[in-house]
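A.B. asks: Here are the chains, one letter per residue:
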Amino acid sequence: MAVANLFVLLLGAGLLAVPIILHLLMQPKPKPLVFPGLRFLQKTASSNRRQLRVRQWVLLLLRCLLLLLLALALAGPAVAAAAYANWLWVIGIGALWLVASLVVYAVWTNPKRARGLLPAMAALWLLLGGWLGWNVKQAWSAGGGQILGQAEAPVSALILIDNAPRMSYRWENRSSLDRAQELATATVGLLPQDSEVCVLDTLDDEPFFSVDSAAAKKRITTLEISYLNLPLPEILQRGLKLLGEGKHERREVYLFTDLTRASWSSEKSRELQEKLKEIAAGSVFVIDVGTNQIMNLGISNPQLQSAVVARGVPLRIDVNLGRQGKALERTLELEIEQPDDSLPTIRDGKTIVPDKYWKFAQSVLVPENGAAALQFEFNEPLPRGVYHGRLSIQGTDGMQLDNERYFTFQVRDSWKVLLVHPSEVSPADIREIIAPGSVAGAAAGNYDCTTLDQAQINQVDFNQFNAVIFLNPLPLEEATWRQLGDYVRRGGGLCMTLGQNAIGDGKVDGRFLSEAARGVLGVELTFAWSRPEGDVFLRPNGLAHPLFQEFRPIESNLNWSAFPVYSHWGVEVPEKPATPLQVLASYSDRQPALVENVLDKGRVLLLTTPLAEPTRRTLGKQPWNDLFVGRPLPAWLLTREMVSYLVRLETDSLNVETGQLATLTNDLREYPENYTLFTPKPKQGTTKVSAANEQLRYRFTDYPGQYRLKGILDGPVLRGFSVNAHPSDTDLTRLEPGELDTILGPGGFQLAKDQNQIQRQQGTARKGQEFYPLVILMLLAVFAMEYLLGNRFYRAPAGS
Amino acid sequence: MSVEKYLKPNVIHQIKRLDLRAQFVVKGFLHGLHASPFHGYSVQFAEHRKYTPGDEPRTIDWQVYAKTDKYYVKKFEAETTMQGYLVMDLSESMDYTFRQDLTKFDYAICLAAALTYLMVSQQDPVGLVTFSDRIRESLAPKSKRAQLNNVLSLLAKARPSGKTRFRESLNQLTGMLRHKSLIMVFSDLLMEDIEEIDALYRLAHSGHDVIVFHVLDEAEVSFPFTGACLFKDLETDQDLNTNADQARADYLRAVNDYREDLAKRCRNNRIDYVPLDTSVQFDKALTEYLLNRRTRT
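Residue numbers (the numbering used here), protein chains in the order written: chain C, 1 to 800; chain S, 1001 to 1297.
Hint data in this document are derived by calculation from the structure and do not stem from the laboratory.
Where a beta carbon is used, it is the ideal one built from N, C-alpha and C, also for glycine.
Incorrect hints may have been included.
Said to hold, decoys possible - With a Cα cut of at most 25 Å, we get these calculated SDA-like pairs of lysine to any residue: (1) Lys31(C) - Pro1224(S); (2) Lys31(C) - Thr1236(S); (3) Lys31(C) - Trp1062(S); (4) Lys43(C) - Glu1195(S); (5) Lys356(C) - Asp1101(S); (6) Lys43(C) - Asn1241(S); (7) Lys43(C) - Thr1226(S); (8) Lys31(C) - Glu1195(S); (9) Lys683(C) - Pro1224(S); (10) Lys31(C) - Asp1261(S); (11) Lys31(C) - Ser1222(S); (12) Lys29(C) - Asp1250(S); (13) Lys31(C) - Asp1101(S); (14) Lys43(C) - Asp1101(S); (15) Lys29(C) - Glu1195(S); (16) Lys31(C) - Leu1230(S); (17) Lys43(C) - Asp1261(S); (18) Lys31(C) - Glu1196(S).
Stated by the list, open to error - Label-pair ranges, simulated between beta-carbon atoms: (19) Asp1261(S) - Leu117(C): 52 to 58 Å; (20) Lys1264(S) - Leu117(C): 32 to 38 Å; (21) Leu98(C) - Asp1261(S): 57 to 63 Å; (22) Asp1261(S) - Ala13(C): 50 to 56 Å; (23) Lys1264(S) - Leu98(C): 44 to 50 Å; (24) Ala1263(S) - Leu98(C): 56 to 62 Å; (25) Asp1261(S) - Leu102(C): 53 to 59 Å; (26) Asp1101(S) - Leu102(C): 54 to 60 Å; (27) Ala122(C) - Asp1237(S): 55 to 61 Å.
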């Protein structure tokens, strides 16, 4: 509740003293009269006196009320529209309480007539008083402390404009952002003089008040689409904090948004609602610059089967086309750049990139408000290198951003994997899993898999392999362990899958317990656990580890318990390991199953049950496990992913989303330390980046497109990565009706679509709902009551 | 001089007219008074008149018949004369008027004068008794015309003062009366206790014919006061500060209740109760009363 003219109200309150003083001090002097009939007066004198007092007080009260209402009417009280009903309720209860007060006073001063009623009336009066007080408190606290009444008093305003990529959607020849900028500029222009304005967009920036309205307008007009967005409620919270410190008491919030769901998160909505109520109750305006009639066709972020492929391995790209609107047939083009060592370069201030492509196209009919899936397979034999590609839709629609997507992939030589096995253990199955259909010496897919009898291990140089896998090995000599340790420390990947061959004299062979062995494995073998019942099985300890990346989409289909483990090695994991050690998977008896040990640049994986067992087994002797019995999807996937992890198949971030960190390994033996980075951002030239700790990290991925790195190391080295917008950045799904109420609170905001609506709502918010008509009505009512009661109480006798 | 003051020419004119107009009424009034109380009484022989059919045979004077062979009946004084007493309240409250020309006392004197005139005109003896806290003065009943002057002179000299002790005064009167009389009481009946009116019952039950002229001031009947007033009763020396507008309704109710109570009590004891206030012309009031009384008899 607020008043426009506080001075008038205070003056009126002061004038209230006048009738009270008159009543108390200026009682009329009684006329002395001789009257023999006094005895008849005396009979009713005392009750008359009481009545007289009651009537006098009632009339005094009415006269005071009259003055007060007059002052109030002139003072122009008003409240926010949302709080009007609360205050009406308060007035109603107040009137009841006033009446109750009069009744209680009348009963109290005239006990003879209504003696029994006094306690009940007093109780009712107290109840009403308490109820009134509570309602006043509620109404006052709901008011938000807004000063109303003067439409032209300066305000502290927060202008928040959603500039997420979704706002680039164009309809009726303008984008939602264009509309937002236009309306926001007009709104700033209509703010009262001396108002202060804070303009915020959805970037993670610190809010501040602009120097003046011109600066605020300029900030608005220069806003661009941003790919690094926080949800609007979060930005709003920050803006409200600043607004609360604004120098003006009246505060207004303007949110310019297309009401797409991705911009609004309902987390911490209660906190936001309370903050809004506290800072700007009744003055929150949400301006909808979007449209319900959306017609858009967009490409999802492409899914590459593998961003790093071996030479000769086809590249498979899966992509979805999503449609909002009627069904549509479109052609999707795939372009893969043909590298040019001289490009990219800057010429006349522009970035020149290769302009030769391999092109492919597919047409597809996308159903109404549906999606269609497409797959491309690129079989061109490519030399080693990094390649950039692009998917694009032919034709235009409301949003161009999702009509083009980017990807980057790397072609390299196959990873060399060495499978070491004792002679009685066949590596064929495992090799088939790693390199399907491979023939020894020829690469099949990403891996070039070589098998080696363990007896010949001294003849091999591990360093020529990307990963070495020991299948159920016999005990290794100390020197071999040291060799393996060096190999791993230099960046190699080692996998030990231990089985019955590690047993010596009925217990673990001592060579697995040597210092070198423990240094490589990171753990100490204890003894072999036997679980003949088949009730023990292996399962990962969560799927967060990169090794289990491919497990995540199919987690529910992996039934580990169907593949029992009958025997496994127990290991003792040190409490404070000397190297980074992690148990990645355990058995259902809680014993560690898969342990990772990181040694400098390399990794060691220890599986405590074998992947392959001796082909000749003692009759009746149970195998160590049934991991590959039946349809062994879990074990098959585990084997492949262990290899993939060891060779670091997907270490580089060749395809990221806006705002994500792009990381590329940068082995200085292979790559230069310094690069020139060519970004896709318009008007941004090149920038210099350098690797550190054999890693190249780049975090300014705030614009979608292809980021190209060019360095020199015995010739040009071309690398790079692609950045695509997050899928939600182009999701135009709007909030359902009522969802905004959940976030901002029902009645906590006013929705507008155009300037007229904004202005109308501003007027109501600033002036609030005025009480003037109601106060005048009350004034007339009290005036009438005072007149009637005055005449009735002091009626002149007939004929006098 | 007193006569002119209390019986102004127009009043006398009224009275005369009353006399003429209501001659038979007055006679009847008087006759009505005469009939029952004096029946069988040994009273003084006054004169003879010729017998007319209808006269009671026992009233025939047989000695005259013996002498004259004609029938004559005896007329006794009791047939033509009636003793009346004017009982005037002289308490201080009678000397009050708010805005009328006559105080209650003056008004009562006017009434008394008119009635005295009537009675004297009929050669009925009329006497006067004044009282306040006790009987102050009295005039023996006489029927001569000079009695009017005597009554008015005494009343003119009288000054209302003191408190009213109605019971004591009237009981005193009751003891004084030897013959059945017409007692006309003029008072505002502002007694401390309404039960004091039982003194009138004694009078009535003693065989006297009692008429109570309850005279109040116009202000005591209509309560015309407004605003804050400090009312003072000189008789009781009490006062009351109140708002007249607030008190009016209750006061009027109380006064009316009092009058009705008095009327009822008088009615129950065969006492004529005549409520009057000084705003009403006394002759009209008297006429109305006499007419009503005739209708009753």
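A.B. asks: With reference to the structure, classify each hint as holding or not holding.
C.D. replies: We went through each hint and held it up to the structure:
1. Lys31(C) - Pro1224(S): Holds, because 13 Å separates the two Cα atoms, which is no more than 25 Å.
2. Lys31(C) - Thr1236(S): Judged against 25 Å, a Cα distance of about 19 Å means the pair holds.
3. Lys31(C) - Trp1062(S): Since the Cα atoms of Lys31(C) and Trp1062(S) sit roughly 76 Å apart, the hinted pair is violated (cutoff 25 Å).
4. Lys43(C) - Glu1195(S): The hint holds at about 17 Å.
5. Lys356(C) - Asp1101(S): Distance of about 134 Å is beyond 25 Å: violated.
6. Lys43(C) - Asn1241(S): The given pair, whose Cα atoms are some 13 Å apart, holds under the 25 Å limit.
7. Lys43(C) - Thr1226(S): It holds: about 19 Å lies between the C-alpha atoms, which stays within 25 Å.
8. Lys31(C) - Glu1195(S): violated, 33 Å
9. Lys683(C) - Pro1224(S): Between Lys683(C) and Pro1224(S) the Cα gap is close to 103 Å, so the pair fails against 25 Å, i.e. violated.
10. Lys31(C) - Asp1261(S): At roughly 31 Å apart (the allowed maximum being 25 Å), Asp1261(S) and Lys31(C) break the hint.
11. Lys31(C) - Ser1222(S): Distance of about 18 Å is within 25 Å: holds.
12. Lys29(C) - Asp1250(S): Holds, at about 22 Å.
13. Lys31(C) - Asp1101(S): holds, 22 Å
14. Lys43(C) - Asp1101(S): violated, 29 Å
15. Lys29(C) - Glu1195(S): Judged against 25 Å, a Cα distance of about 37 Å means the pair is violated.
16. Lys31(C) - Leu1230(S): holds, 6 Å
17. Lys43(C) - Asp1261(S): holds, 16 Å
18. Lys31(C) - Glu1196(S): Distance ~32 Å between Lys31(C) and Glu1196(S) Cα, so the pair is violated.
19. Asp1261(S) - Leu117(C): 52 to 58 Å: Check failed, 32 Å falls outside 52 to 58 Å.
20. Lys1264(S) - Leu117(C): 32 to 38 Å: Holds: the Cβ-Cβ distance is about 35 Å, inside 32 to 38 Å.
21. Leu98(C) - Asp1261(S): 57 to 63 Å: violated, 43 Å
22. Asp1261(S) - Ala13(C): 50 to 56 Å: holds, 55 Å
23. Lys1264(S) - Leu98(C): 44 to 50 Å: Roughly 47 Å apart at Cβ, these two residues keep to the hinted range, so it holds.
24. Ala1263(S) - Leu98(C): 56 to 62 Å: violated, 47 Å
25. Asp1261(S) - Leu102(C): 53 to 59 Å: This hint is violated: roughly 36 Å between Cβ atoms.
26. Asp1101(S) - Leu102(C): 54 to 60 Å: Violated - the Cβ-Cβ distance for Asp1101(S) and Leu102(C), about 46 Å, lies outside 54 to 60 Å.
27. Ala122(C) - Asp1237(S): 55 to 61 Å: violated, 41 Å
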